[in-house]
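All chains should be built: construct the whole structure from the sequences, respecting the hints.
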Amino acid sequence: MNAMLPVNLDRDRLRAHHRLMWRIRALEEVALRGLDEKLVLGAIHPSIGQEAVAVGVVAHLAREDLLLSTHRGHGHTLAKGASSGAMLRELLGRDGGTCGGKGGSMHIADFGVGMLGANGVVAANIVIAAGAAHAVKLRGENRVVACFFGDGAINRGPFLEGLNWAAVFGLPVLFVCEDNRYAATTRTDTMTAGPGASARARSLGVPAEEVDGNDVLAVDEVAARLVGEIRAGGGPRLLHAHTWRVTGHTGADPGAYRSEDETRRGAALCPIRRARETLAIAGLILAELDGDEAEARREMEAAYAEAQAAPFPPFAAAFSDVQDIGAPQHAAAA
Amino acid sequence: MNAMLPVNLDRDRLRAHHRLMWRIRALEEVALRGLDEKLVLGAIHPSIGQEAVAVGVVAHLAREDLLLSTHRGHGHTLAKGASSGAMLRELLGRDGGTCGGKGGSMHIADFGVGMLGANGVVAANIVIAAGAAHAVKLRGENRVVACFFGDGAINRGPFLEGLNWAAVFGLPVLFVCEDNRYAATTRTDTMTAGPGASARARSLGVPAEEVDGNDVLAVDEVAARLVGEIRAGGGPRLLHAHTWRVTGHTGADPGAYRSEDETRRGAALCPIRRARETLAIAGLILAELDGDEAEARREMEAAYAEAQAAPFPPFAAAFSDVQDIGAPQHAAAA
Amino acid sequence: MSELTYLEAGRLALAEEMRRDPLVWVVGEDLGRGGVFGQYRGLAAEFGPDRISDAPISEAAILGAAVGAAMMGTRPVVEMRFSDFALCAMDELVNQAAKARFMFGGQTRVPLVVREPIGMWRSSAAQHSQSLEAWYAHVPGLVVACPATPACNKGLLKAAIRCDDPVVYMEHKGLWPMEGEVPDDPDFTVPFGEARLVAEGGEATIVAWSAAVHVAADAAQTLAADGIWVDLIDLRTLWPWDESTVRRSVRKTGRLLVAHEAVTVAGFGAEIVATIAEAEAASLRAPPRRLGSPRAPVAYAPTAEAALHVTAEMIAGAVREMVQGAPR
Amino acid sequence: MSELTYLEAGRLALAEEMRRDPLVWVVGEDLGRGGVFGQYRGLAAEFGPDRISDAPISEAAILGAAVGAAMMGTRPVVEMRFSDFALCAMDELVNQAAKARFMFGGQTRVPLVVREPIGMWRSSAAQHSQSLEAWYAHVPGLVVACPATPACNKGLLKAAIRCDDPVVYMEHKGLWPMEGEVPDDPDFTVPFGEARLVAEGGEATIVAWSAAVHVAADAAQTLAADGIWVDLIDLRTLWPWDESTVRRSVRKTGRLLVAHEAVTVAGFGAEIVATIAEAEAASLRAPPRRLGSPRAPVAYAPTAEAALHVTAEMIAGAVREMVQGAPR
Ligand SMILES: Cc1ncc(C[n+]2csc(CCOP(=O)(O)OP(=O)(O)O)c2C)c(N)n1
Ligand SMILES: Cc1ncc(C[n+]2csc(CCOP(=O)(O)OP(=O)(O)O)c2C)c(N)n1
Ligand SMILES: [Mg+2]
Ligand SMILES: [Mg+2]
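Protein chains in written order, with numbering that gives the first Met the number 0: chain A, 0 to 333; chain B, 0 to 333; chain C, 0 to 327; chain D, 0 to 327.
FYI, nobody ran anything at the bench for these hints, they're computed from the structure. All values derive from a computational prediction rather than experimental measurement. Beta carbons are placed, not taken as given, at the ideal position from N, Cα and C, and that holds for glycine. It is possible that some hints are incorrect.
To be verified - In silico contact screen, one side only, chain A against chain C (beta carbon under 8 Å); selected entries:
(1) H106
(2) V126
(3) H133
(4) G161
To be verified - When the alpha-carbon atoms are kept at most 35 Å apart in a straight line, the in silico DSBU-like pairs for lysine-lysine are as follows:
(5) C:K172 to A:K136
(6) D:K251 to D:K172
(7) D:K172 to A:K37
(8) C:K172 to C:K251
(9) B:K37 to C:K172
(10) C:K251 to D:K251
(11) B:K136 to D:K251
See the structure below:
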């Protein structure tokens, strides 16, 4: 660890990032326990180790800005302002979840805070994000759309189609490639040709930057610049953030396909630990920083307990929100 | 026209190109007449003006090499060695057509000469070509696959997926982007962001070159190099050929969306005229070169007449070649 | 009332809705020059290139972007050119557009219209001729419309644009030049799920939609000349479909024939026949029947293409057999 | 005979066919580590990474490349992970794989197998739960298989790999751990279009496939306890489907119930009921019936997911009503 402090360190800002990263991690650790306890029902994809990307980017989004995510979307969602209570209710499939229990982890969304949905189909959110930005432009609004996806997603066609679209129409989208070097069990460098996300983006007319995605201040800084350029009408940008997922691909995956060495080095990159060390050097007392963790854990434990107390959605929820005309008819509840 | 001769001009080779370009043009001019005469049935997409790309590239393919094409595939097909007679029968929807009259212009194919099909879906051939090359590699064969597509096709997802695939697996494919500046009625530069096909290819790990696609010798030369690299096991390459379609998008399209100026300048680029001028400077007598045209026209007129005499496929053809098990059952011919 | 073609009726519907609601916009390839069939001719001049927007050849992005734009409160109309090309955007249509409202628990709506011209037309061969309306009827969240006349093309397209859920809107390529009376009222819409009675008679019920309605109408005329009068029902929308009108007719006639251009196997005719067999078994005086395409791709050669057509003769013949109790 | 799970039976089938024919190869995401459900575990070690090939997350390229490789004489088996993701490759499957043989006039064949795991499974929600087998049955050129048991998963997968036409091969995710006796004979295959009689009885015919077969088998047991004996037919393949076995049974029982997990509307049950209504009207002693999912996306919450399930009680209840002539 370099004992030097970043010039112009904004201690309060980093402290806020530290808190938010802890909230994300605590939420996901509770969710993983929920999986063990068979209260979280479907697959979940934790972003433990990747929190800095969500936090550093979303720091530059206002509430009216928009965000689209992937299967690995808890961090983005919480950072955008969703309530941990509603999120955990959603993961437990309960009434009062962000999607009324109908979506679960993979479709978590909170339109009230501009979080337009996680997505179960890799790269599908890229073209949808372009479209959300298209509407922003058509309506003459001043909003930025952030679209997160993984390094595996850049091998799907919608990556090309969505970036080209955003560039052709000059749309306000920040594409964020969270490059954790793996797509499920596959090392992405074995299945990805060429120099990677940034080069692909540039070839599609989208200026791109790379960043150490485990350094929340670095992410914060470059995101500031890119979001600023987008807000100034510069069209889309791509941020290629190098990071590492500490857990397996899903909550059920031990991640045994990664070498011990790789796993050890990855864990050492922990963005929360890095933020903590910087804050300590900057003079914060560790007990206070421990307090951030403790507070986050308290919040999530309470949310988890409260979610368990919430009822499952009623039978009729299966048939609502499908469509107005031609909605499913069903016999009275069984 | 530059009166200088290319160094090391191979007169015989250029003469052969001249002949083949005339055969392509004559075939398509006859096909256009067939459209007027309501003998050619479906839409056709002439490649008039673009003949040099087909001829210069296919000159480097052996019979056992493979080729996949688009809706604008007559030139590639004839260059690969299909018979003009079978092609015109196909365009007229007759028995004895390359596809027995079942495919027509948009699905013209001659597997006997390694021409694996035109395709009615833009960019769909790109992934299929990658797969044909995948089979070549799996079987340890020594074949090159050439895959032609337009400048509009680089905005579809399969362009990214197919090039990445070919590069990841190190497959012997020459991707050829025939850039005629339009996709149907749309100027592609208005709908394509970034620096274009070559840059996109390079970002996907596919080395690329650009060429004046109306200069058959230039195409010939760069194709020689690229095909050589591919045959040497170098993996895929992309050739970005700048050209111009003289006709409308389809036989029925007057092309009125293009400016007069653009049309005039495009027509001046005629690759056949350029080859002819070079040959004349190199000492060939014009009457001989006129003979190439006349001979080509004679061939195609004869093929056209012969195609008209061929019967339509029988009623039962509608039900054959569907599938072995679960094939359609039909009442006896109506 | 004005005499318009099916194509012009669609264009007028779109123009009227665009005038009415500034949030309606259209996106697809070549629209600035009128679209591949001229359905958009002149609209770019009136509404400008942002609202009649060209698109790259990126079907997945066209539809996917429309999903995002619809979720953000605009009302995109998407042109797919040939319904066959919508297969390049099937994730966007079926996994995204159709499910977003539900899977996000009602937080959003996806008011988009996907125009997907269907049908066999002038030797267009296997990749430009399909009619996959049955697929969409099978997908929760989608509305499916298949107009058969100029008036319906105006009224249904307007209803589709006003609908808050995604609508798959399937015009038939063979009907573009068809002329007919079209109401001038800018608030004329055709409600989804209400069939149109094309002909009335007591001896059999023919159900059809899209171009097959006109083939069936020819058959009905032939039959009438023979003294066999039928109910001919133009379903107009497949989801929702007008089950009660069909059932009422079958209760009267006791005989049901469904005719469509799509492949018979697992076509939407199966849904109608199955529904009637379940619900109106007691009314049926003859086994119900379906006429559709054999399960074969569409060939280029006219002889082979024609082998897949459901003809007026086939329809009339089938009805005659049903009425006369002839063995099949 | 060996006792194997449905998953192991599929893996064994693949291994045997790969040993038998060096032109068989497999491609999909994560296969080198066994695939998402472990269906490929150990195969990379035996066959190497060229024949058990990883793939980028490029569904269109996976399927499209398989089309090209199949046309060039290899026999690719493609893994789509969840059938829902096949929607990202629908052009490649429906416009290319299914049509190439026909539209090129028989010059080529596309002997590929697409494995598309289907079905509701452990709160997988709207994008990981679909059963779209009816779509594929509607597409000329495709064969559609939906195995319900370990033995069928072995025999049908082997038949699929040996088939010279594209096969959509739909395993049910809920069946992976199911155990059963599986023939050891490496030439054991299950022919397409031959149904399996699961239970025999004279009072009604139940037709099902995939996981619904087991739900129906439970129902058949309940019914048997009440003295109601039914024919339970496991269709095994939907295209071709064994019409003659179903008709023979219906001629005997006079009653038909089709049960499937997919959405009822325009599901394949409609095809079966329609066919029987057309062809066996005289044999039917009660109106035929279908049980399937309401037309709604699949929810995450177990209460709402369960609301879409066809249960053994529903099947038994429907048969009882049919047998006792109760009003619906
Ligand atoms: C189209 C599609 N193909 C495959 C999958 C299965 N899948 C879910 S996540 C995943 C890996 C994604 O990798 P990456 O994009 O790098 O994101 P990460 O999981 O690393 O965050 C895969 C293959 C899917 N959901 N959608
Ligand atoms: C997926 C798909 N979208 C749209 C079309 C309609 N279409 C046929 S050719 C064409 C233009 C193609 O342009 P380009 O790739 O530049 O090839 P060119 O016609 O110029 O040779 C279009 C849009 C299609 N066939 N397939
Ligand atoms: Mg990753
Ligand atoms: Mg072009």
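Structure-based check of each hint:
1. H106: holds, 4 Å
2. V126: With Cβ-Cβ at 3 Å, under 8 Å, it holds.
3. H133: holds, 5 Å
4. G161: Since the shortest Cβ distance to chain C is 6 Å, the answer is holds.
5. C:K172 to A:K136: holds, 33 Å
6. D:K251 to D:K172: With a Cα-Cα distance of about 34 Å, the restraint between D:K251 and D:K172 holds, given a limit of 35 Å.
7. D:K172 to A:K37: holds, 19 Å
8. C:K172 to C:K251: Roughly 34 Å separates the two Cα atoms, so the pair holds.
9. B:K37 to C:K172: At roughly 19 Å apart (the allowed maximum being 35 Å), C:K172 and B:K37 satisfy the hint.
10. C:K251 to D:K251: holds, 31 Å
11. B:K136 to D:K251: Violated: B:K136 and D:K251 sit about 55 Å apart, past 35 Å.
In this structure, only the earlier hint numbered 11 is contradicted, and the remaining ones agree with it.
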